[in-house]
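Engineer: Chains as they are written, first to last, in full-length UniProt numbering: chain A, 1 to 420; chain B, 1 to 209.
Since the hints were made in silico from the structure, they are not lab data.
Only a predicted model underlies this, so the values are computations on that prediction, with no experimental measurement involved.
Ideal Cβ positions, reconstructed from N, Cα and C, are used throughout, including at glycine.
Wrong hints could be hidden among the right ones.
[Said to hold, decoys possible] Partial pick of chain B residues on the chain A-facing surface, computed with a CB cut under 7 Å: (1) H6; (2) E32; (3) V88; (4) Q91; (5) H124; (6) G125; (7) T154; (8) E189; (9) V190; (10) W193.
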Amino acid sequence: MRLPVLLAALVAVATCTETFVGHQVLRVVPQSDEELQKVQELQDLEHLQLDFWLAPRGLGLPVDIRVPFRSLQAVKAHLEATGVSYSIMIKDVQALLDEEQREMLRSSRQLTLDTNTFNYEAYHTIDEIYNFIDLLVAENPNLVSKLEIGRSTENRPLYVLKFSTGGTNRPAIWIDTGIHSREWVTQASGVWFAKKIVEDHANNEGVASILETVDIFLEIVTNPDGFAYTHTKNRLWRKTRSKHSGAICVGVDPNRNWDAGFGDAGASGNSCSETYHGPYPNSEPEVKSIVDFVKSHGNIKAFISIHSYSQLLLYPYGYTETPVPNQQELHELSAKAVAALSSLYGTKYKYGSIITTIYRASGSTVDWTYNQGIKYSFTFELRDTGRYGFLLPASQIVPTAEETWLALKVIMEHARDNSY
Amino acid sequence: ELPPSHFSAARAAAVAVGYLRYLRGGPGRGLELRELRRARRQDISDVGHKYYLELELEDVSDKDRTVNCTAEVLYHLGNKTSAPDVQVTVQGELRSTEEADKQFYNWIRSLEKELVAENIPDSHGNVPPELEPIHLLAWVASGYVIWQNSTENTKFHLAQVKHVKQVKRSDEDLQFDFVVLLHEMVSQEVLPWEVTLLWHPQRGARVSQ
Numbered sequence: 001m002r003l004p005v006l007l008a009a010l011v012a013v014a015t016c017t018e019t020f021v022g023h024q025v026l027r028v029v030p031q032s033d034e035e036l037q038k039v040q041e042l043q044d045l046e047h048l049q050l051d052f053w054l055a056p057r058g059l060g061l062p063v064d065i066r067v068p069f070r071s072l073q074a075v076k077a078h079l080e081a082t083g084v085s086y087s088i089m090i091k092d093v094q095a096l097l098d099e100e101q102r103e104m105l106r107s108s109r110q111l112t113l114d115t116n117t118f119n120y121e122a123y124h125t126i127d128e129i130y131n132f133i134d135l136l137v138a139e140n141p142n143l144v145s146k147l148e149i150g151r152s153t154e155n156r157p158l159y160v161l162k163f164s165t166g167g168t169n170r171p172a173i174w175i176d177t178g179i180h181s182r183e184w185v186t187q188a189s190g191v192w193f194a195k196k197i198v199e200d201h202a203n204n205e206g207v208a209s210i211l212e213t214v215d216i217f218l219e220i221v222t223n224p225d226g227f228a229y230t231h232t233k234n235r236l237w238r239k240t241r242s243k244h245s246g247a248i249c250v251g252v253d254p255n256r257n258w259d260a261g262f263g264d265a266g267a268s269g270n271s272c273s274e275t276y277h278g279p280y281p282n283s284e285p286e287v288k289s290i291v292d293f294v295k296s297h298g299n300i301k302a303f304i305s306i307h308s309y310s311q312l313l314l315y316p317y318g319y320t321e322t323p324v325p326n327q328q329e330l331h332e333l334s335a336k337a338v339a340a341l342s343s344l345y346g347t348k349y350k351y352g353s354i355i356t357t358i359y360r361a362s363g364s365t366v367d368w369t370y371n372q373g374i375k376y377s378f379t380f381e382l383r384d385t386g387r388y389g390f391l392l393p394a395s396q397i398v399p400t401a402e403e404t405w406l407a408l409k410v411i412m413e414h415a416r417d418n419s420y
Numbered sequence: 001e002l003p004p005s006h007f008s009a010a011r012a013a014a015v016a017v018g019y020l021r022y023l024r025g026g027p028g029r030g031l032e033l034r035e036l037r038r039a040r041r042q043d044i045s046d047v048g049h050k051y052y053l054e055l056e057l058e059d060v061s062d063k064d065r066t067v068n069c070t071a072e073v074l075y076h077l078g079n080k081t082s083a084p085d086v087q088v089t090v091q092g093e094l095r096s097t098e099e100a101d102k103q104f105y106n107w108i109r110s111l112e113k114e115l116v117a118e119n120i121p122d123s124h125g126n127v128p129p130e131l132e133p134i135h136l137l138a139w140v141a142s143g144y145v146i147w148q149n150s151t152e153n154t155k156f157h158l159a160q161v162k163h164v165k166q167v168k169r170s171d172e173d174l175q176f177d178f179v180v181l182l183h184e185m186v187s188q189e190v191l192p193w194e195v196t197l198l199w200h201p202q203r204g205a206r207v208s209q
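For reference, chain B alone in the conformation it holds in the complex (with noise of 0.2 Å):
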């Protein structure tokens, strides 16, 4: 058992949080992390340390609904290239983003220039309200890369979306080339990584390799 205030805990956690918004995030649907209430820890030899998380989640764009999961994050011993196992679970129902994702997407097909963006927030925090459906998205490739990169000795965080290119596509997918700054908390370094996403109403988000 770990206290919730103790740092692998809350490394963990930003772990989780990082898997589940690639999964499940999108442009109409932000999930933050509102509180870990509840960490354990095992080590299980010759493979790896295993946390046992419960989280309470909220979404930021409807902040009063909190939804709980548990998770279960594998840090595997010693291969330092190999992305730790994630596995979440939600209790209950996330809220529906359909009429949301449909808006999205209708509009940005309709663009007639590819939207190109910069600096998601700006220095003062702003982020224009037609472009909060990009820096979620961001959120979701970020969260890929966050999941894939992290360790026991990391902690990261998306800092800002540095650039941001849509790239028109034959098929239905929408295509963005992101390059995110993530902030590491144990370096505190900032790190540009570029990642491209695409996305879909139905089938939802994956990083393109």
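So that you can see chain A by itself, here it is in the shape it has in the complex (with noise of 0.2 Å):
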């Protein structure tokens, strides 16, 4: 009983000022009046600091002492000298602090228990957004459902979620964020995103009109392997985490993926390159299984992927200079999603063509989205300019997604009023 009483005490202590560095636990039991004798009288030397988690009580019982590193040898010599024996309970009582600690950490992370209590104003770890998702279909059964799309190179699988008030393949919109493991304000944007779609349906207002004749498929976690690992071994890793025969490196660039000039100039063939294409197209299955989604559901009419940093709206094409057909009214929409993100916290963003505006990309989403006859396919490069880039503190978690759903509800409006 007093051990977790005592540890947490400690741990209070601990977290202070003091350190129990090579302190050690011993107890021993006293089996007759001369040992216990002996264990007495080391309470009465005050210079070695012993701390009496079981003071002596009698014979037979344990008594447990806490004793500083600079006195072991002491009282260890004390004992052994008569006889007594003793053993050690906890050999470093600082490493069995530190555990607790981190066990405490890990603790008050618990999984939460609804929509409404999730912090989103955090950055989150993908047990605690598949635990989300979960409660979000929960919570609302007739609006929304979780669909596995397929499994990522290391077997995680990969969630879609629809949002749909009825019909049978009405048309759709697709928007998918953390495709880029490292650009964790897109995942933690797209688990508000999927709390405001349903927070819109229940109070009328918002998508809610958009969802009466349109589907909306989310993916959060476009790509869990890499952000796993960005939570374990490497916060900047970027891409998937396959080892392709051959290839020196691990991962591919899951925005050089696909089947839109795939291979030409603006992707690598090095495998230990940030931007490698991958041993052919769709190669890996976080890439596939959207195209097959794509493929089999036919009528999505937006598609739109989400990235950071730079602020930036961006159009196909980034394979080649050719300008797709409707450039000139992706441009004016872009213009129009742009002042309205704009519009909420003055946050700044250019728009443009893939290739004229950041660089040429060979193999991207959108490339092949738009390629497929989805007319309205946009990339999102989210907040900021470099400030912060990748590790964007999380308190601008909440204030990126609102202004970006404002952009996102003018596209989505457009392809809506624009059926082809």
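Relying on the hints, combine the two individually framed chains into one complex.
Structural biologist: In structure tokens form, the structure reads like this:
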């Protein structure tokens, strides 16, 4: 009983000033009066700074003593000199405290119980996001369903949320976040978008009118293997975690792996590069699953892939300088979307085609979706412009999601109103 | 004339900002590009490409305050080992950081143990307030590296300060040995770079070679 309480008290102290590095907790069970006396003698030796967790009470009853590192030798010698046996209950008190601290931190990140108490203003782990997804579906079974469209290289499920008020194969809008795992504000925004859609529907405002005739598909953790890696090993990991035969390094850039200008200038054939296109188009299950989904759905009208950072709204192409046929329309729509975004917090965005605004990029997502006939294909690069870059403070998650949502609504409404 | 949304204008602007941070940045002053207003490009035969830029900057410590400046960035033709020539003219005055600089200087000088820190910002974008001046000095140091290593095909940003170690000196300068991670936008690579920065409240910053 006392152990956890005492440990907790020590934790409180340890977090302030004291350290218990090297301290040990010894247990003595005196079997004779002589042994009991020897142990009691220790209590009088104040200079040893002993801390009796269980004081001597009688024969056969354990005596637990926390011994500071510098007194260990003296105490053990005292006990051994008279043949009093002891055991080492805790080899290093500080190590135990550290582990306890870690455990406390881990458990305080308990999985939330409902989407109203979920903390949208913090970055979350993949487990927390997958738990959020299940909660959202459970709370809104008539609007939201979870689809597993495939599995990642490391066999993590690839989940897409479907928001639908009914109908059969209605025209649909696709949004994905987190295809590049280090772009943490995007997955976090995706979580916020999911909740926002549900709220709008419940309050019959915002996208509720869109949902009357159009479905929304949202893939929040589009690259789960990469995302897990950013939490455990390398915060700045971008690619998938696949290892193809013949490749020296791990990972393929999922935004160079699509079948649009695949392998052309604007991607790398070197597996160690951050823009490695992979051995062939759709080699990555994270990409193939979306390709299969889009093709079999057949009725997606707008496709929006979300990245960070740079504050840009981009449309195809990245692999060629040839403008898309409806370039004028996309340019004007971008202007409207960006104006809506800026209206909230004054955040400035630039817009244009990928190749003129950011760089040449081949095999990119929206070039492929555009060539499939999805006229309204866009890529966002969210906040910021380099001050924090990928390491955007969590306090900016909600403002970023809020302003981006306004731009998304402009695009969604346009797609709904210009059916094709 | 270039549309300000064109990537080549943005890359030149990043060089100008890096250069300006090196020249005018400090523990109390971090300049950030708020907007690229105008950009012009001139191809000078046998010399290189010269960009004329109009920039609006903000001081991150005082975000309501903006300052306009003009910059010229000349990328030399062919010669990959030569840094671009940059000139920046700031219109008006930059806010004085004398008080903050003095406080920072005295704080560091008063430390018994040399300052060591890592991962600024951390994974969640946090920078402990007392380390913000160090963060801004990393901008100064990386500003130099960015200026020296940029070409028309690169765009660098400081992704993270991986490690910083103060080194006590016998003279009056403060010395910080940084390992910075630079994110290069075109290749998307994250490149570690070691850079040593010397700083003094009156004399300013210089990268030690």
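Engineer: Now tell me, hint by hint, if it's right for this structure.
Structural biologist: How the hints compare with the structure:
no.: 1; hint: H6; verdict: holds (6 Å)
no.: 2; hint: E32; verdict: holds (5 Å)
no.: 3; hint: V88; verdict: violated (17 Å)
no.: 4; hint: Q91; verdict: violated (20 Å)
no.: 5; hint: H124; verdict: holds (5 Å)
no.: 6; hint: G125; verdict: holds (3 Å)
no.: 7; hint: T154; verdict: violated (10 Å)
no.: 8; hint: E189; verdict: holds (5 Å)
no.: 9; hint: V190; verdict: holds (5 Å)
no.: 10; hint: W193; verdict: violated (14 Å)
Figure legend: structure checked against the earlier numbered hints; hints not met, in rising order: 3, 4, 7 and 10.
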